[in-house]
Amino acid sequence: MQALSTTKEKGEKMKRSWFLITLVFSLAAFIMPVHAIQPIPEETGFSGFVNVGIGAMEFETNMISGNAIGDTGDDVITSLTDSPDSESSATPVLNFEASYTFAESRTQIFAGNRLEDLVRYDLSTLVGIRQELKGKSIVSIAYVFTSFPTEVWEDPYVINQKREETDRTSDGLRLGYDKILGTKFEAEFTWRDVSLDDETSGQTQLVGSLITADEAKLLDRNGDVYVTKLTYPFAFREKRHVIVPTLDYTMYDLDGDAMAFDRYGLLLSYLFNTEKFNLITNLYVGRSEFDEENPIYDKTREDDVVGASLSAFWKKFLGVPKMSLVGTLAHYNSDSDIDFYDTTITMGTVSVLYRF
1 MQALSTTKEK GEKMKRSWFL ITLVFSLAAF IMPVHAIQPI PEETGFSGFV NVGIGAMEFE
61 TNMISGNAIG DTGDDVITSL TDSPDSESSA TPVLNFEASY TFAESRTQIF AGNRLEDLVR
121 YDLSTLVGIR QELKGKSIVS IAYVFTSFPT EVWEDPYVIN QKREETDRTS DGLRLGYDKI
181 LGTKFEAEFT WRDVSLDDET SGQTQLVGSL ITADEAKLLD RNGDVYVTKL TYPFAFREKR
241 HVIVPTLDYT MYDLDGDAMA FDRYGLLLSY LFNTEKFNLI TNLYVGRSEF DEENPIYDKT
301 REDDVVGASL SAFWKKFLGV PKMSLVGTLA HYNSDSDIDF YDTTITMGTV SVLYRF
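Residue 108 in this note's numbering is what sits at position 108 of the sequence shown, and the numbering runs on without skipping anything.
If you are wondering where the hints come from, they were derived from the structure by calculation, not from laboratory data. None of the values given here were measured: they were computed from a predicted structure. Mixed in with the good hints, there may be bad ones.
What the hints assert, rightly or not - Simulated pairs of lysine-lysine, BS3-like, Cα-Cα distance not exceeding 30 Å: (1) Lys316 / Lys276; (2) Lys136 / Lys322; (3) Lys315 / Lys239; (4) Lys134 / Lys229; (5) Lys299 / Lys162; (6) Lys136 / Lys184; (7) Lys299 / Lys217; (8) Lys239 / Lys316; (9) Lys217 / Lys162; (10) Lys134 / Lys184; (11) Lys316 / Lys184; (12) Lys239 / Lys276; (13) Lys229 / Lys136; (14) Lys134 / Lys179; (15) Lys179 / Lys229; (16) Lys276 / Lys179; (17) Lys322 / Lys179; (18) Lys134 / Lys239; (19) Lys184 / Lys229; (20) Lys276 / Lys136.
As the list claims (entries may be wrong) - Cβ-Cβ distance ranges computed for the label pairs, FRET-style: (21) Leu279 / Val207: 50 to 56 Å; (22) Leu133 / Lys239: 19 to 25 Å; (23) Leu230 / Lys299: 28 to 34 Å.
Beta carbons: idealized from backbone N, C-alpha and C, even for Gly.
With these hints in hand, go ahead and build the complete structure from the sequences.
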């Protein structure tokens with residue numbers, strides 16, 4: 001079938017003053033942390049961190065509406081062949097982890113959220129347990145669930161009329177293994193079940209005119225997501241310089257084969273550590289290859305993903321030993337061969353990180 005032609009008429013953009021919290025973290029896989037699992041403390045008791053601040057973000061996406069906290073994206077679009085328009089907003093920054101360690105058994109229970117989880121635009125919470133083994137290896141298991149449902153469009157492909165929102169949630173398990181068999185290798189595996197309350201992609205306007213009902217099923221976004229990461233840190237000059245390559249493989253095993261894909265990626269991180277400050281630079285490159293031809297555009301989608309960031313940590317902020325002032329600049333771009341699916345996010349944040 002032929003792709004839809006671009007309409008010339010442009011709809012009015014709706015600006016939002018309060019930006020969706022989850023999007024502020026969509027670049028965080030390229031920002032923090034250098035190591036997947038932190039060492040378990042030697043003493044029994046509570047530990048963790050909280051990171052609070054504010055930022056500004058410019059973003060482009062056709063697929064995300066918002067969440068329970070705020071809205072983003074246009075209710076009305078006028079084309080299925082154009083890249084998304086750009087919007088800007090101020091946004092809060094918030095993430096944390098609280099842990100309790102049983103020193104004698106080398107066991108730790110924890111709860112919190114992880115910045116790098118939020119590439120998928122959802123604010124997730126983890127509750128789990130870590131266990132230190134002989135040789136200082138650490139294994140972990142956690143339940144991962146959506147704490148603030150992401151609002152997406154029931155049917156993203158509606159033009160020239162208001163699109164309806166629906167909640168997208170996910171839950172699953174995460175397994176981690178740090179210092180595998182006494183080496184520096186780190187591995188992590190995450191499985192999630194992704195569910196939309198109402199999934200009607202392609203059914204509102206396109207069925208019967210551009211695609212069939214069976215072809216609309218190829219656009220279904222429900223399903224399972226699997227993420228595997230393998231990391232090996234290289235430290236030099238007493239850990240003053242640390243280089244950390246991470247290989248990742250992501251499989252979106254979605255019900256709609258045209259939306260299902262495999263992504264292969266490489267994250268390269270560099271940490272410069274001094275007594276007064278830390279610098280972390282990150283570069284991510286990846287490629288997503290989709291399973292089946294998209295029935296709207298008559299082609300099988302491919303996305304090229306690039307992300308980069310620079311974060312500076314000013315230690316002992318205001319003279320407090322465990323507090324740091326954090327500044328971050330980051331950019332993420334997913335360039336699809338189908339312009340409608342292009343996504344670009346640029347952000348700058350300032351926050352205060354306190355460890356306890």
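Comparing the hints with the structure gives:
{"no.": "1", "hint": "Lys316 / Lys276", "result": "8 Å, holds"}
{"no.": "2", "hint": "Lys136 / Lys322", "result": "24 Å, holds"}
{"no.": "3", "hint": "Lys315 / Lys239", "result": "16 Å, holds"}
{"no.": "4", "hint": "Lys134 / Lys229", "result": "23 Å, holds"}
{"no.": "5", "hint": "Lys299 / Lys162", "result": "27 Å, holds"}
{"no.": "6", "hint": "Lys136 / Lys184", "result": "10 Å, holds"}
{"no.": "7", "hint": "Lys299 / Lys217", "result": "16 Å, holds"}
{"no.": "8", "hint": "Lys239 / Lys316", "result": "19 Å, holds"}
{"no.": "9", "hint": "Lys217 / Lys162", "result": "22 Å, holds"}
{"no.": "10", "hint": "Lys134 / Lys184", "result": "14 Å, holds"}
{"no.": "11", "hint": "Lys316 / Lys184", "result": "29 Å, holds"}
{"no.": "12", "hint": "Lys239 / Lys276", "result": "15 Å, holds"}
{"no.": "13", "hint": "Lys229 / Lys136", "result": "20 Å, holds"}
{"no.": "14", "hint": "Lys134 / Lys179", "result": "10 Å, holds"}
{"no.": "15", "hint": "Lys179 / Lys229", "result": "14 Å, holds"}
{"no.": "16", "hint": "Lys276 / Lys179", "result": "28 Å, holds"}
{"no.": "17", "hint": "Lys322 / Lys179", "result": "26 Å, holds"}
{"no.": "18", "hint": "Lys134 / Lys239", "result": "23 Å, holds"}
{"no.": "19", "hint": "Lys184 / Lys229", "result": "14 Å, holds"}
{"no.": "20", "hint": "Lys276 / Lys136", "result": "28 Å, holds"}
{"no.": "21", "hint": "Leu279 / Val207: 50 to 56 Å", "result": "52 Å, holds"}
{"no.": "22", "hint": "Leu133 / Lys239: 19 to 25 Å", "result": "23 Å, holds"}
{"no.": "23", "hint": "Leu230 / Lys299: 28 to 34 Å", "result": "32 Å, holds"}
Of the numbered hints given earlier, the model fails none.
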